[in-house]
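Engineer: First to last, the protein sequences are chains A and B. Residue numbers for the first sequence follow our numbering, beginning at 1 and rising by one. Residue numbers for the second sequence follow our numbering, beginning at 1001 and rising by one.
What the hints contain is simulated information worked out from the structure, not anything from laboratory work. Backbone N, C-alpha and C fix where the C-beta goes; we use that ideal spot for every residue, glycine too. Keep in mind that a hint or two might mislead.
[Said to hold, decoys possible] Chain B stretches covered by chain A per the calculated footprint, using a threshold of three residues with CB under 8 Å from any CB of chain A:
id, segment
1, 1053 to 1067
2, 1116 to 1129
3, 1200 to 1207
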Amino acid sequence: MSRAGEQPAPEAIADFLRDVRVGVERGMDPLAAAQAASESLPERLRGALETVVRRLRGEYHEDEWGFDEQFAEAVFPIFEFLYRVWWRVEVEGVRNVPSHGRALLVANHAGSLFPFDATMMTMAVMKEHPLPRWPRFLVLDWAFVLPYISTFIRRCGGVPASRHNATRLLEEDELVMVFPEGVKGTGKSFADRYRVQRFGRGGFVEVALRTRSPIIPVAVVGSEEIYPKLGESQAMARAVGAPFVPITPTFPWLGPLGLIPLPSRWRIEFCEPVDISEHPPEAAEDRRVVFDISERVRETIQEKLYENLVKRGSVFL
Amino acid sequence: MARRVVITGISSHWGAELARRLERDPAIEYIAGIDTRPPPAELERTEFIEADIRSPLLSRVLPSTEADTVVHCGILWYPEPGRPPRVLHEINVIGTLQLLAACERTESLEAVVVRGSAAIYGSEGASPSFFTEDLAGQVRLRTRFQRDIAELEEYFLNFARRHPRLVCTMLRYQPEVGPDLPSPLVRYLSLPVVPVQLGFDPRLQLLHADDATGALERAVHNPVRGAVNVGPDGAISLSRALRILRRSPLPVPAPLFEPAMRRLGARLGAGALLEDGMRLLRFGRGVDNRRMRDDLGFEPAYDAVGAIEDLARAADARRIGPDLHPGTIAGRLIGIDR
């Protein structure tokens, strides 16, 4: 892998075009000339070119859920920038995430306009874990009726939030991220930041019990400040059919610029797995057990949130 | 054991293909086909019974065949010559009702297999990615065809309940594609430029026509009780399917897509079922096919990608003029073999 002898891309392309011209002048047909010239392209450039062409021909992998690893890798740098530069994410306990087999990551949910917590947790697992793997995440149903956004989320590994999807993903031994607070979490006002909301009906516990998956609570600090929600516009929500439309210090006042998230500092802590192996799968029908575990997870996340808020110190600097 | 099978909708592609396969099977002693039009000429030992499944006359005809299995292939997904869109509802719902009434009078009967549709699950953005059979009726049904399918499934369920002796199989088919299938969907995928909805890229499970017939044949030999999803393994996005087929998509904004497809739909032969197609092309649909594999015991030969690749091979062989798709040209430029 010595790159020293390799030409920079613009020169290589100029060479390629010259080779084609020379070929044609010698009487080759343009197609053959291009083929011959492409042989002498530097290997790295040729590889990249081939990947692009194979994509045009539909020759790439896409799994049964619509997750497209090549696509996810292509947009990785954008989120890497957000992760490293914009939000300066610090991660703790990433080794609590198993490197193989099923597991359910349960996190607090925040970031009114666009909840970025799933993407940053993905980055944390992909960048910090010794054996990285792509987690899958459950996304609010509403996002899946939107143009572009639905397609983007699906290609990155998101699926519509439903217990059927969660169960099937876990049965396939995937790493699954859920946000049991749902809209209650993302839609809470800035004054309520870092107060973990009610955990629905504990559906995630039922799924974990049925599929015998460990639950790993995750505390995410920083997501609350990216779009501080000061109020909400019911008229706009009705107009677009959204569960809510937040008003932040910058949105909708600055138009598209208001979509730029604030550069808060983030901390993500992956906690010790909650042991649920003592319960048989049938315990999923026992409301008491389900609420018990659900509450235990919620409390763990809440505690860790306060801890990490202190560790983080200043919000932006 | 010698078997006697009656197939409705024998002149349709589905009925005729099934009869062709069953004719090759010596264990099947007698095959009859019911339809209003004669079946394709290639069928050899299938007895053609000219009857309309909507007419009460069927109750006299069916018992006289002494059939042990009735396969209902007469549910139409799109209009055909002589069957305009407005009679589809009647054929699908009233036809099924009359057929079931005739089945009640057929004492030799042991099994009824209905070739239904996965349209009962609807096509919604926020649906589970893989519907299992018990999830029917969870979404609000939006199109006429979806409601028709739901209605006839209900009749069938009642019928099965009242006749516990009979094995009643409801096969819920995903849409099919195949090189020789004259369906609106296949015509749509063969357009030189394919209109798609801007910003949407549905996840599709299109079943290969050979597998569609295979599953039906399997159900004749091994009918199972209740509903069974019939779909391929895996899924494919429309954008990738079009690339494999070397078709260029033409993204059309959602408000214009409907009028555009309405115009195009008539030419594709989709008629009243266009609504379904449009929802499918926006949100797609996936089904869980584990019951098909485990209970019915059918193993599809093509997965979702394989079915499209097979269609692409056939389209390539039939192509008139040069293939100008960017994928083909760029592939040739840098020398990737097809």
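Engineer: Kindly indicate which numbered hints from before are broken by the structure, ordering the numbers from low to high.
Structural biologist: Hint check: 1 fails alone, others pass.
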